[in-house]
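Student: In case you want the letters, here they are:
Protein chains: 2
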Amino acid sequence: MNPTYAIGLDYGTNSARALLVNTANGREAAAMVWNYARGDSGVILARDPNLARQHPSDYINGAEKALRGVVALARKKVRGFRPEQVVGLGVDTTGSTPLPVDAQGRALALDRRFASDPAAMAWLWKDHTSSAEALEITALAGKIRPRYLAKCGGAYSSEWFWSKILRCRRRHPAVFKASHSWMELADYVPALLTGTEAPDKRAIGICAAGHKAMFNTEWGGYPDAEFLAQLDPALAELRSRLCPRVQTVDQPAGGLTVEWSKKTGLPAGIPVAAGAFDAHLGAVGCGITPGTLVKIIGTSTCDIAIVSNTQPLADVPGLCGIVNGSVLPGYFGLEAGQSAVGDIFNWFVNYIQPRGPRHGSHESLSAAAARLPPGESGLLALDWNNGNRTVLVDQRLTGLLLGQTLYTKPAEIYRALIEATAFGALTIINRFEQFGVEIKQVINCGGIAEKNPLVMQIYADVTGRAMKVSRSSQTCALGAAIAGAVVGGAHPHLGAAMRAMSGVKTKVFSPNARAHSVYQELFRLYSQMHDAFGTSSGSGHLQNVMKDLIRIRNRARKSA
Amino acid sequence: MNPTYAIGLDYGTNSARALLVNTANGREAAAMVWNYARGDSGVILARDPNLARQHPSDYINGAEKALRGVVALARKKVRGFRPEQVVGLGVDTTGSTPLPVDAQGRALALDRRFASDPAAMAWLWKDHTSSAEALEITALAGKIRPRYLAKCGGAYSSEWFWSKILRCRRRHPAVFKASHSWMELADYVPALLTGTEAPDKRAIGICAAGHKAMFNTEWGGYPDAEFLAQLDPALAELRSRLCPRVQTVDQPAGGLTVEWSKKTGLPAGIPVAAGAFDAHLGAVGCGITPGTLVKIIGTSTCDIAIVSNTQPLADVPGLCGIVNGSVLPGYFGLEAGQSAVGDIFNWFVNYIQPRGPRHGSHESLSAAAARLPPGESGLLALDWNNGNRTVLVDQRLTGLLLGQTLYTKPAEIYRALIEATAFGALTIINRFEQFGVEIKQVINCGGIAEKNPLVMQIYADVTGRAMKVSRSSQTCALGAAIAGAVVGGAHPHLGAAMRAMSGVKTKVFSPNARAHSVYQELFRLYSQMHDAFGTSSGSGHLQNVMKDLIRIRNRARKSA
Numbered sequence: 002m003n004p005t006y007a008i009g010l011d012y013g014t015n016s017a018r019a020l021l022v023n024t025a026n027g028r029e030a031a032a033m034v035w036n037y038a039r040g041d042s043g044v045i046l047a048r049d050p051n052l053a054r055q056h057p058s059d060y061i062n063g064a065e066k067a068l069r070g071v072v073a074l075a076r077k078k079v080r081g082f083r084p085e086q087v088v089g090l091g092v093d094t095t096g097s098t099p100l101p102v103d104a105q106g107r108a109l110a111l112d113r114r115f116a117s118d119p120a121a122m123a124w125l126w127k128d129h130t131s132s133a134e135a136l137e138i139t140a141l142a143g144k145i146r147p148r149y150l151a152k153c154g155g156a157y158s159s160e161w162f163w164s165k166i167l168r169c170r171r172r173h174p175a176v177f178k179a180s181h182s183w184m185e186l187a188d189y190v191p192a193l194l195t196g197t198e199a200p201d202k203r204a205i206g207i208c209a210a211g212h213k214a215m216f217n218t219e220w221g222g223y224p225d226a227e228f229l230a231q232l233d234p235a236l237a238e239l240r241s242r243l244c245p246r247v248q249t250v251d252q253p254a255g256g257l258t259v260e261w262s263k264k265t266g267l268p269a270g271i272p273v274a275a276g277a278f279d280a281h282l283g284a285v286g287c288g289i290t291p292g293t294l295v296k297i298i299g300t301s302t303c304d305i306a307i308v309s310n311t312q313p314l315a316d317v318p319g320l321c322g323i324v325n326g327s328v329l330p331g332y333f334g335l336e337a338g339q340s341a342v343g344d345i346f347n348w349f350v351n352y353i354q355p356r357g358p359r360h361g362s363h364e365s366l367s368a369a370a371a372r373l374p375p376g377e378s379g380l381l382a383l384d385w386n387n388g389n390r391t392v393l394v395d396q397r398l399t400g401l402l403l404g405q406t407l408y409t410k411p412a413e414i415y416r417a418l419i420e421a422t423a424f425g426a427l428t429i430i431n432r433f434e435q436f437g438v439e440i441k442q443v444i445n446c447g448g449i450a451e452k453n454p455l456v457m458q459i460y461a462d463v464t465g466r467a468m469k470v471s472r473s474s475q476t477c478a479l480g481a482a483i484a485g486a487v488v489g490g491a492h493p494h495l496g497a498a499m500r501a502m503s504g505v506k507t508k509v510f511s512p513n514a515r516a517h518s519v520y521q522e523l524f525r526l527y528s529q530m531h532d533a534f535g536t537s538s539g540s541g542h543l544q545n546v547m548k549d550l551i552r553i554r555n556r557a558r559k560s561a
Numbered sequence: 002m003n004p005t006y007a008i009g010l011d012y013g014t015n016s017a018r019a020l021l022v023n024t025a026n027g028r029e030a031a032a033m034v035w036n037y038a039r040g041d042s043g044v045i046l047a048r049d050p051n052l053a054r055q056h057p058s059d060y061i062n063g064a065e066k067a068l069r070g071v072v073a074l075a076r077k078k079v080r081g082f083r084p085e086q087v088v089g090l091g092v093d094t095t096g097s098t099p100l101p102v103d104a105q106g107r108a109l110a111l112d113r114r115f116a117s118d119p120a121a122m123a124w125l126w127k128d129h130t131s132s133a134e135a136l137e138i139t140a141l142a143g144k145i146r147p148r149y150l151a152k153c154g155g156a157y158s159s160e161w162f163w164s165k166i167l168r169c170r171r172r173h174p175a176v177f178k179a180s181h182s183w184m185e186l187a188d189y190v191p192a193l194l195t196g197t198e199a200p201d202k203r204a205i206g207i208c209a210a211g212h213k214a215m216f217n218t219e220w221g222g223y224p225d226a227e228f229l230a231q232l233d234p235a236l237a238e239l240r241s242r243l244c245p246r247v248q249t250v251d252q253p254a255g256g257l258t259v260e261w262s263k264k265t266g267l268p269a270g271i272p273v274a275a276g277a278f279d280a281h282l283g284a285v286g287c288g289i290t291p292g293t294l295v296k297i298i299g300t301s302t303c304d305i306a307i308v309s310n311t312q313p314l315a316d317v318p319g320l321c322g323i324v325n326g327s328v329l330p331g332y333f334g335l336e337a338g339q340s341a342v343g344d345i346f347n348w349f350v351n352y353i354q355p356r357g358p359r360h361g362s363h364e365s366l367s368a369a370a371a372r373l374p375p376g377e378s379g380l381l382a383l384d385w386n387n388g389n390r391t392v393l394v395d396q397r398l399t400g401l402l403l404g405q406t407l408y409t410k411p412a413e414i415y416r417a418l419i420e421a422t423a424f425g426a427l428t429i430i431n432r433f434e435q436f437g438v439e440i441k442q443v444i445n446c447g448g449i450a451e452k453n454p455l456v457m458q459i460y461a462d463v464t465g466r467a468m469k470v471s472r473s474s475q476t477c478a479l480g481a482a483i484a485g486a487v488v489g490g491a492h493p494h495l496g497a498a499m500r501a502m503s504g505v506k507t508k509v510f511s512p513n514a515r516a517h518s519v520y521q522e523l524f525r526l527y528s529q530m531h532d533a534f535g536t537s538s539g540s541g542h543l544q545n546v547m548k549d550l551i552r553i554r555n556r557a558r559k560s561a
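These protein sequence lines are chains A and B, in that order.
Just add 1 to the spot in the first sequence (first one is 1) and you have the working numbering.
Just add 1 to the spot in the second sequence (first one is 1) and you have the working numbering.
These are calculated hints, taken from the structure and not from any lab test.
None of these values were measured; they are calculated from a predicted model.
Keep in mind that the hints are not guaranteed to be accurate.
Identical chains share a label here; the pair holds if one copy fits it or two copies do between them.
Said to hold, decoys possible - Straight line, CA to CA, 30 angstroms or less: simulated BS3-like cross-link-like pairs of lysine-lysine:
#1 Lys452 with Lys410
#2 Lys441 with Lys264
#3 Lys559 with Lys410
#4 Lys508 with Lys78
#5 Lys410 with Lys548
#6 Lys441 with Lys506
#7 Lys77 with Lys506
#8 Lys452 with Lys202
#9 Lys178 with Lys441
#10 Lys264 with Lys77
#11 Lys144 with Lys178
#12 Lys66 with Lys264
#13 Lys506 with Lys548
#14 Lys264 with Lys452
#15 Lys144 with Lys264
#16 Lys508 with Lys202
#17 Lys548 with Lys452
#18 Lys559 with Lys144
#19 Lys178 with Lys410
Kindly produce the complete structure, drawing on both the sequences and the hints.
Tutor: The structure is reproduced here in C-alpha cells:
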C-alpha cells in the first residue's frame, strides 16, 4: 500500500514551516521553513518596547512558500512521492495573535491605507502594549463576572485578545473603525486556505477562543454583550460580528481552495483542520495523556496538561486557561506558561553579546555554563524579562539578577538565567499539583529541549524529575500534521493518530541528587524573591518596585 | 628665586606613581607611573573571589622606578631642574593594606620561604577573605567595648587591619608565627625610604591606625590587650610589637636614606612625611575645608569630610571612621566610602564585555549611555558588587540589577550601574547631614571624576548638588606632595600649602532640575531596595537572600 502523508503548517514567531509526515508512523518526509520578511526577524518593533506586531503579508507568503516548498522538496527527496498522497493539513500558530479583518475576512493591513500602521497588523502574542486594558478587564470581570476570570487563572492578560482589541479601539480608533471583525491567527490561516474567511462561512478553533477570548459554552460563548459594553459599547457591537461556531482540531475548517491548490501544488479540496495554538498541537505531537505535562520550550514556554472532562476540576489560580476540548475532545486542556525562556537567553546573547559574537554564542556560553556546579556562581535570577504568565499573570514584571560580584562571568549569568527559567517551570508544576493535577511525567519539545542538553539537565536537577524529549524536532508541526491526518481520514481519532505518529527520544535526563539538593535551597530563595516582587502577600512588599520603574520609564519615554 | 619642588608618591591598586609639583602653586612638573609586575595588574587573585593580595616587591620596585623615573623625566623636561630643588616627599597608599614584617621591619614575603604564599603578602584593601573575623570582632566589641565601634560606624570591616591579621593567625599560622609585626602599607613605605623600619625607629601615621586599627588616644592607642586576647591571645602579644608612636602628615617620618638617594637621584636626607591613605591626602589635594565633601572616585570611592576637633561631634553610624588628625591636625577626619565604583564599571566592561571589546569600551558605553534620559531604561541597580562600605558596613552584600526586559541594551545597564553608584553617594551625603555634618560643596577627584563627564553629570542630577572637580588629575599624589612641601619647609602648615597648591576646575557640573526630579523618584526605589536587602528594618526582610547565596556558593566551591 502506498503511504499517505499529512502536512503540519506551523506559524512561529520568526518563520512559517511546513512539515510533511507519514501518517502511519509520524516519520518526517520533508520540511520547509520560510523566514518572515518584515521587521526584525518578522517582528515589527517600535520605540515602545512593549510593542510587537506582524504583518499579515508574511503569513500569506509564509503559507505559499512553505507549502509549495515542502511539496517541491518531497518530489525531489521522497522516492515516488505524489502530492495526491497528502490527505490533510493542520495548522498551528502563535497566540493570542489577533488581527483586524474587513467585512470579507481580509486582513486590514492588506488595505493600502493601513499597510504600514502597526495597529492594523497582527498583535503578536508577546505584544504587551495593552496592560492597562488587561487590568481594566480583570477589574471589571472581578466585579461583575468572576467566573470569567476563574477559567483564566484569576487575571486577564495584556497578551490576550480582548486587551489588544480594547487597546486598539481606545488608541487607534481609525483602525478599529475600519475593521469589521477580529480573528486569531490560528483561525485566520485555515479560513484563508479554505476560502472560509467570509463571516457566514467561518468557523473558529476552541483553543484560541477558549484560552484567550474568554469563550466558554457554559456562558454561551464569548463574554456577554453587557459585560463588553461596560468596557466599551463598541466591543459589544463587535461581539455580534465574531464567529460563534467553534471546532476542535479533529474537525475540518474546510477544503483547500483551488487557488491555494494552484499556489502550492497540493490537491484541491483536501481537508484543513481547525487551527490551534502551537503549544496545544505540540502537546498532541508529544502524545499527551492525563498525567503528562508537555513543555513546549521556545522563545517562551507553554505547559500543557489534560484532565478528563468527566471529572470535577478545581479552577487553578494563575493558569492561563482551562478549556474543554482545547487539546483533545473529551478533555479539559490546561495551559500554563512562561512569558520568556529562549527569549531571555537570546536577549543575553543578542543584546548583551558578552565578549563579542564568538565567545557570547549560545554554544560557547552553554559549554562554559555546563562546567559550573550548581550554586557556585552565587547568582540568582528571576525569569521575568517578559513578564510572568503563570502563576502571577502579570506582564508588568521585569527581570532581576542578584549576587553579582566584581568577578561574575558571562557563563555564570547565562547559567543563572537558565536556572531562573527552571525555577519558573517548577513553580508551575507545583501549582498544578497543589490543585490536584498530578504530573507523572514531563515531555519536552521545541528548539531548546531539542538542542540544549544543559537546559534539560538543569530542569531535571531543579525539578527533581526526569525530563523526556519528544522524538520529533518539530513537535508542534507534527501535532498539526496529526490533526491533518485525522481530518484526512488516515486515523479514526486523535488518540489513535497520536499513538501511531508520536514518541519520545531514548535519552532521558535524570535528576542528579546532589544538584537537586542545592537547587532545593536556591529554589527557596527564588520563591522568596518571586513572592516579594510578584505578590502582595510575599515577605517583601516590594511589589511596587518593578511597576514604579515601568511608570517612570514610560513617562521618560513620553517626555523625551 | 629658583622654584622648589615636592614629590607625592602614590600607591594605587594597580600602579605606583611619583608626581613632582612646584611648591609655590601645585603645578605639575613631571609624573611617572610604574605598573605593578605581579598578578593580575598587580593584584594576586585566587579561586576564592574574596582574595586580593599584593607582593611587597612591587612596592619596593614601584618606589624605585617611579622616583628615579620622575627625576630623570624632570631633568629632561623642566628647564634648569636639579634634584636639589626637591625639598620633601609625601606618601599616600591604598588601605587598609596590612603586611606582615619580620623583626627588622622587612616584608615577610621577601623571605624566600614565603615568597609565593599569598598570606605573607600585603592583604590589599579589597581583600574580603576575613568577613567571619570581622563579624567576630564586631560582636566582641559590641559586647565589651562599644566605644571602639562607635568611632568606626558601628561595625568593624573585613577590609580592615585586625580582621585580616586575625584571619592570618587562624588560617595561616606558619605565616603569622614567622611575622614579628604587621604594618600598613602607608607606614611601610615611609619607613622603607627613611630607614626607620626597625621597631625602635618606627613611627606610624594616625590615618591608617585611627581609621582601620581602632587606634585612638582616648583609650591609649590600639585596642587594649584584654580585648585582643579574647579574640586570640596571639593578638594581645602582637599589640606589644606594634608601633605606638603616631604622626600627622605634616610631620616627617624621617629623612631619605643614602641608599634610596642613590637609587632615585634625590638628595639624601630630604624629609619624607608620615604616610596616609590616598583618600585622606586626596582631600588635602582638593584643598578640603569644613563643609566640603571630597569624593575620591576610582575603583572604589572614599568620601572625606572634616570637622573642627574643638566642637562636639556625634558618632555617625555606618561611617568608616572618625579620627582626630587623620586628614589635618586640629580636625576630625570623617571617612565614608563605596566599596566599588569604577570597579563595577570595569567589571561590566572587562568581564561582561558587551558586544565585544570595541563596542563595550568605557568610551563607547558612556557615549551611548549619555544619550539616554533618566528613567528611560526602566532599570535599577544596587552598587554592591563588592559589598557595601557605607552606610551598611557589610561586605557580604552583592550586586543586583532589576527591570531588564528582552530589549535591555548594554548602555542602559552601564548607565544603571553609574546611577547605582550615584544613589550610593547620595545615601552617604544624607547620612553625613542627618548627623549634623553639613555638606556645602562637593569636590570630586580621581580618574573617573577627571575622565567621565557623564558620571559627574549623573552625580549632580542624582544628588541635586553641583559637582566640582579637582584641578589636578592626580589629586592624591598632589596631596602627598603638599605634605612633602610642608615637611620640606616650603609652607608653614597644611592650610597654607593647600591654599597655594590646590584648586578646582572652572567646569562645574550643575544639576538639571528635570533629571533631578526623576532621580528623586528612582532614589526612593533605590532606598527601598537598599533597606530591603541591606537591613533588618527594611520593608523587605530579604536581608538573608544575598548571604544565603554566598553560603551556598562557598559550599559549592568547597565541594567542587
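Student: Could you run down the list of hints and mark each one as holding or not?
Tutor: A quick look at each hint next to the structure:
1. Lys452 with Lys410: both (23 angstroms within a copy, 26 angstroms between copies)
2. Lys441 with Lys264: Cα proximity of Lys441 and Lys264: none, with 45 angstroms in one copy and 78 angstroms across.
3. Lys559 with Lys410: between (35 angstroms within a copy, 19 angstroms between copies)
4. Lys508 with Lys78: within (28 angstroms within a copy, 73 angstroms between copies)
5. Lys410 with Lys548: For Lys410 and Lys548, both the intra-copy (29 angstroms) and inter-copy (19 angstroms) Cα distances are at most 30 angstroms.
6. Lys441 with Lys506: Intra 17 angstroms, inter 71 angstroms, cutoff 30 angstroms: intra-copy only.
7. Lys77 with Lys506: Within. Shortest intra-copy distance 28 angstroms satisfies the 30 angstroms Cα cut-off; inter-copy 76 angstroms does not.
8. Lys452 with Lys202: neither (42 angstroms within a copy, 69 angstroms between copies)
9. Lys178 with Lys441: neither (49 angstroms within a copy, 61 angstroms between copies)
10. Lys264 with Lys77: within (18 angstroms within a copy, 83 angstroms between copies)
11. Lys144 with Lys178: within (29 angstroms within a copy, 75 angstroms between copies)
12. Lys66 with Lys264: Close inside one copy (9 angstroms), not across copies (80 angstroms); limit 30 angstroms.
13. Lys506 with Lys548: Classified as neither: same-chain Cα gap 43 angstroms, cross-chain 41 angstroms, threshold 30 angstroms.
14. Lys264 with Lys452: This pair counts as neither: shortest intra-copy Cα distance 34 angstroms, inter-copy 63 angstroms.
15. Lys144 with Lys264: Intra 50 angstroms, inter 86 angstroms, cutoff 30 angstroms: neither.
16. Lys508 with Lys202: Neither, since 46 angstroms and 74 angstroms both go past 30 angstroms.
17. Lys548 with Lys452: Classified as neither: same-chain Cα gap 35 angstroms, cross-chain 35 angstroms, threshold 30 angstroms.
18. Lys559 with Lys144: Neither: 32 angstroms inside a copy, 55 angstroms across copies.
19. Lys178 with Lys410: Result: close neither inside a copy nor across copies, 52 angstroms intra and 37 angstroms inter.
Hints 2, 8, 9, 13, 14, 15, 16, 17, 18, 19 from the earlier list are contradicted by this structure; the remaining hints agree with it.
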